[in-house]
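Chemist: Protein sequences appear in the order of chains A and B. Position 24 (the first sequence) corresponds to 24 in my numbering; numbering is contiguous. Positions in the second sequence are counted from 1; adding 1000 to them yields my numbering.
Hints are supplied without guarantee of correctness; some may be wrong.
To be verified - Footprint (simulated), chain B over chain A, 3 or more residues, beta carbon under 8 Å:
#, stretch
1, 77-83
2, 87-100
Unchecked claim - Stretches of chain A that chain B covers, calculated by requiring three or more beta carbons in the stretch to come under 8 Å of a beta carbon on chain B:
#, stretch
3, 20-30
4, 41-54
Since the hints were made in silico from the structure, they are not lab data. Ideal placement from N, C-alpha and C gives every residue a C-beta, glycine not left out.
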Amino acid sequence: MPTPNVINGIPLWWYLLVASGLFAIGLYGVLARKNAIAMLMGVELMLNSVNLNLLAFWRYLNPTSAAGMAFAAFVFVVAAAEAAVGLALIISVYRTLHSIDPEKLDQLKL
Amino acid sequence: MGGFTEVNLAEFLGILPEILVLLWATLLLALDLFLPGGIPRRSMSLLSAGGLLIVALVTVLMRPAEPQVILGGMVRNDLFLTVFRLIFLLAAALTCLVSVDFRPLRAGSEYYVLVMFAAVAMSLMVGADNILMLYLATESASFTLYLLAGVQRGDRLSAEAGLKYFVFGAVTSTTMLFGLSLFFGLSGGQLSYKAIASALSQPELRLPFTLAALLVLVGFAFKTSAVPFQFWAPDVYQGAPSPVAGFISTASKAAGFGILLRFFFNAMPPGVSEASLSWVWLMQPIAILTMTVGSLLAVVQSNVKRMLAYSSVAQAGYVFVGVTAMALGALNRAEALAAVIFYLATYMLTNIVAFAVLGVVEQRVGGSDFQHFNGLARRAPYLALGMAASMLSLLGAPPMVGFAAKVIIFREAIGVDLVPLVAIGIVNVLISVAYYLNVVRAMYVERAETESPLFVPSTLGSVVMIVAVGLVVLTFASEPFWGLALEAARAFLRS
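Start from the sequences, fold in the hints, and give me the full structure.
Modeler: Shown next as structure tokens:
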């Protein structure tokens, strides 16, 4: 099956560029923010950049298969579970430390 | 391929061990909820461990004679998976048994259920034959482990360990996922390892394949605590409850190696295309760095828990020596893989004992520094003997099974002319004498302030003694286990 390189005048690599940018912004957010919840939001951005990748590849390369959509749907589910686990751990830290600044997590070191 | 392939109900027999553990865990959770007063903790621990051991028996009985791909290409059920299942089930059962008397845990039945869920997810990680399954199983295993690390409610260190583990884990696994999404595109929108392997030979895709392999390797390196993604390990092991640290450092690491081997050897087989060189070439530097960084940093620790964390990084390095031998050598690939499996299995037994003893010392003596081990041989002779056996086995001293495992790994590496790598490995073993024997010296030479006997819980004491004796017996009766590892390795390579 021939696959189009350009759909509606937009080539595939535009999507990949946006996704990579989103991934980089998310990674920067995780590394630079001083608030555990903001770090969690950075991870969510990274996950969404992956979804953009998956859906672009699916639409351009193999649109008759459901694999790409199914993968993206699973990534949503994982992102939701990740947020639940992450927030539970953040609350647990807040209860003992009364802060969610990751720089205050300094009890464990050499 | 338009839709999904038909799934035959009989195919679910291939993941029967996972289904059984899942049902048993859910049943225990429900019973704990609805029985008045819940299930007592001691029964909960015994029921979980018993269930896991019975499923281990089922796994042995239902081992597949031929590798089979089931459930629409999601899972590859072969002897390799069987052996890893046994490692995970045994590790989970031992963890449940040694946790029961670990008082600081203060957790209810959800703790044991989480351990069982983790074992299920790890089995599926190693069974995955498809990048979607790989990602889902890896994340399920990670989520349960994040929660287990932070399970000591109200404890500052445990909460901190849980959150740190979560943040590092989330970033590295999402990086891995980004790499997997690139593999999805490179294979033309398909998910199976085989589809990736067949797209590999296109020369113009070499650079993207290298990039994707590097991103995926970040996730695997985190799971196996390989340098440069080892920095979370000491913090998480120190803060997490000791039995959990034992579980993370053994089962989760074995699962990490399981997915690394499965993914790279099936999706990017060495020797097929130049793109595979991207990961093949990295194995040796990773092995060298992981061994060296682990053992050098272990020397300077004053806390035994952190020492064991760096020691487990170094141990991962020795496993990477085996992986290097497997990736570079084409002739003795089965033997090298069997050496890796054998090493992971013996390391699992050894390290769980070490963390179990550490948990008792932490709880009854009041800390996990070297000085807290002073005079342990007089205060709790059997416990000290178990710890000494475990330390000697981690070191690789002759009567212990750790010696046999190290010799086999180094032998396979020399077999493919990796003499410098083995030399570095032996230097690291010599360095590790310092910190492993330091624990033994504290227990047997140093004197404690009090010589009063230490209370040792009976379940934990018997588990420690049985495994410690096993560490010696296995050396002399390793033949059937080595044979099983070799058979598993051959099944892995036949795919």
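Chemist: Count the residues of the stretch 87-100 of chain A whose Cβ falls closer than 8 Å to any Cβ of chain B, and tell me whether that reaches three.
Modeler: holds (count 8)
Chemist: Take the stretch 20-30 of chain A, compare each residue's beta carbon with every beta carbon of chain B, and decide whether three or more fall closer than 8 Å.
Modeler: holds (count 4)
Chemist: Three residues minimum, CB to CB under 8 Å: does the stretch 77-83 of chain A make the cut for coverage by chain B? Let me know.
Modeler: Result for this restraint: holds, n = 3.
Chemist: In terms of beta carbon proximity below 8 Å, does the stretch 41-54 of chain A have 3 or more residues touching chain B?
Modeler: Satisfied; 7 residues make the cut.
In terms of the numbered hints stated before, the structure departs from none.
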